Amino acid sequence: MQELLSYSAVELGRLLRRGELSVREATEAALQVIDGGQSGNNAFITVTAEQALAQAERAQQRLLAGEGVGPLTGVPAAIKDNICTLGVKTTCASKIMGDFLPPYQATVMEKLEQAGAVSLGKLNMDEFAMGSTTETSFYGPTRNPWDLNRVPGGSSGGAAAAVANRECWYALGSDTGGSIRQPASYCGVTGMKPTYGAVSRYGLIAYASSLDQIGSLARTAEDCAAILDVIMGKDRRDGTSLDAPCGGLLAGLNPDLTGKTVGIPVDCFEDGLDPDVRARVLSVADVLKGRGAKVEEFRLPVMQYVVPTYYIIAAAEASSNLSRFDGVKYGWRAQGYEDLTDLYCKTRTEGFGSEVKRRILLGTFVLSSGYYDAFYRKALQVKHVIKSAFDDAFTKYDLILMPVAPTTAPKLGESLSDPLKMYLSDIYTVSVNLAGLPGLSMPCGFDRRGMPVGAQLIGPALGEQAILNAAYAYQQDTDYHKQAPAAAEGGETA
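Here this note's numbering = 1-based position in the sequence shown + 1347.
None of these hints come from the bench; they were simulated from the model. Since this is a predicted model, take the numbers as computed values, not measurements. Any given hint could turn out to be false.
SDA-like, lysine to any residue: derived pairs with alpha carbons at most 25 Å apart [stated by the list, open to error]:
#1 Lys1607 / Lys1768
#2 Lys1725 / Thr1587
#3 Lys1636 / Arg1646
#4 Lys1676 / Gln1452
#5 Lys1829 / Thr1420
#6 Lys1607 / Gly1637
#7 Lys1829 / Leu1600
#8 Lys1442 / Arg1646
#9 Lys1768 / Asp1623
#10 Lys1436 / Glu1457
#11 Lys1676 / Lys1636
#12 Lys1607 / Arg1638
#13 Lys1636 / Phe1616
#14 Lys1581 / Ala1813
#15 Lys1442 / Tyr1691
#16 Lys1607 / Lys1581
#17 Lys1458 / Ala1626
#18 Lys1743 / Gly1606
#19 Lys1743 / Asp1585
#20 Lys1458 / Arg1646
#21 Lys1636 / Tyr1827
#22 Lys1442 / Glu1414
#23 Lys1768 / Ala1813
#24 Lys1636 / Phe1741
#25 Lys1436 / Lys1607
#26 Lys1768 / Asp1494
#27 Lys1704 / Glu1761
#28 Lys1734 / Asp1494
With the hints as extra help, turn the sequences into a complete structure.
Okay, structure coming up:
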């Protein structure tokens, strides 16, 4: 079973198409790891074993018939629990959602079904995607499979931990300010946040609508290309989705980087960056040079503005988006209320966790009449400046290389005790969301404690192919993406 679980999603898909194993065998292997609980990482909120086995049978029939078969047909996956799944509990890791059963499928789920995917269940996350550690979940924290005393990152920490621990072959997550890329970095997997609007957000329970984007977490850049080929595309139900060319990313992978120019923003490699992280990320440049790329350093001074700009905009949109959770229409409802106002107050007080309340309060404050111009409007203006700075950089460079996070995964409890420190840990990722750009995190080594380090590649809008090509080239010459924590190899994790 260990050998089966060590394959990438694309590799497993090839084996399934060749008939070397069945979809049921792959699905049962993953369910055995999840049900065994030997990892102790609490990556799943809901496991849909019966549904997964039924989907496995349908996928197997498609493979036998040779109809509607693609690279991921029959490959078991898992889904972050803020993506709506028809008739399957969707909680956003929050008490206030109760046992909410969506009456419809998210567009990405419809596309996965059309591709013959198998869904193993719903993954743990920071409550309403608000957090960088997956410790704010009502269902308890997820733990990093490389060290169970450390966080997996967030908010898609359950997705990253499940992929790293070989509990599924790939996962869908969402990225508002680094929520795919940062946990991918902490857990040593590959995570891709597409261009804003390239993947439909219909059925994604919103945190910050102008920043949220569904993306992929998997073993390799090749896997991410195959996943994006399935989920990208225009959706009439999402007014922000782009009517742009999509598909062909997997077929278009090319490790030859001759003529490509990679920019390294020196602003991102100065004080505050762990020396191990700095050394590992900069080593990526040497590998890319070996594949033909030209690497240059440059200045990107707008990086000093990205964290406050992001948290003002994200909190403001969260304050608006979460107003619908009031105990009236669906989800959990407080008991013993006197009137409607009291119902709202008690439900939201008891139903939301402390981090969600903090961001709602901040968002309500910056949207208030006395502070709207001073904070929210100014943040929107700075957001435009940040986007313009990146647009200017991409007139000179095909890609930008920078860290994903200032450090590797912190210990459990460290970030929650200092929320400001947690917010500052997003300094290298939130700019991508503010500018609406695609970004990818890929494993590039380990720090002195043996914890994974991720390097981030950023491209211009709709530059997914260039990013994936560079990551694919890097993974042809390194094996960090193939390494797994001891628990995934049948051993014990510290």
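These are the hints, each one checked on the structure:
no.	hint	result
1	Lys1607 / Lys1768	36 Å, violated
2	Lys1725 / Thr1587	23 Å, holds
3	Lys1636 / Arg1646	20 Å, holds
4	Lys1676 / Gln1452	19 Å, holds
5	Lys1829 / Thr1420	22 Å, holds
6	Lys1607 / Gly1637	12 Å, holds
7	Lys1829 / Leu1600	19 Å, holds
8	Lys1442 / Arg1646	44 Å, violated
9	Lys1768 / Asp1623	19 Å, holds
10	Lys1436 / Glu1457	17 Å, holds
11	Lys1676 / Lys1636	56 Å, violated
12	Lys1607 / Arg1638	10 Å, holds
13	Lys1636 / Phe1616	19 Å, holds
14	Lys1581 / Ala1813	21 Å, holds
15	Lys1442 / Tyr1691	15 Å, holds
16	Lys1607 / Lys1581	29 Å, violated
17	Lys1458 / Ala1626	40 Å, violated
18	Lys1743 / Gly1606	12 Å, holds
19	Lys1743 / Asp1585	33 Å, violated
20	Lys1458 / Arg1646	40 Å, violated
21	Lys1636 / Tyr1827	18 Å, holds
22	Lys1442 / Glu1414	42 Å, violated
23	Lys1768 / Ala1813	33 Å, violated
24	Lys1636 / Phe1741	18 Å, holds
25	Lys1436 / Lys1607	45 Å, violated
26	Lys1768 / Asp1494	21 Å, holds
27	Lys1704 / Glu1761	20 Å, holds
28	Lys1734 / Asp1494	37 Å, violated
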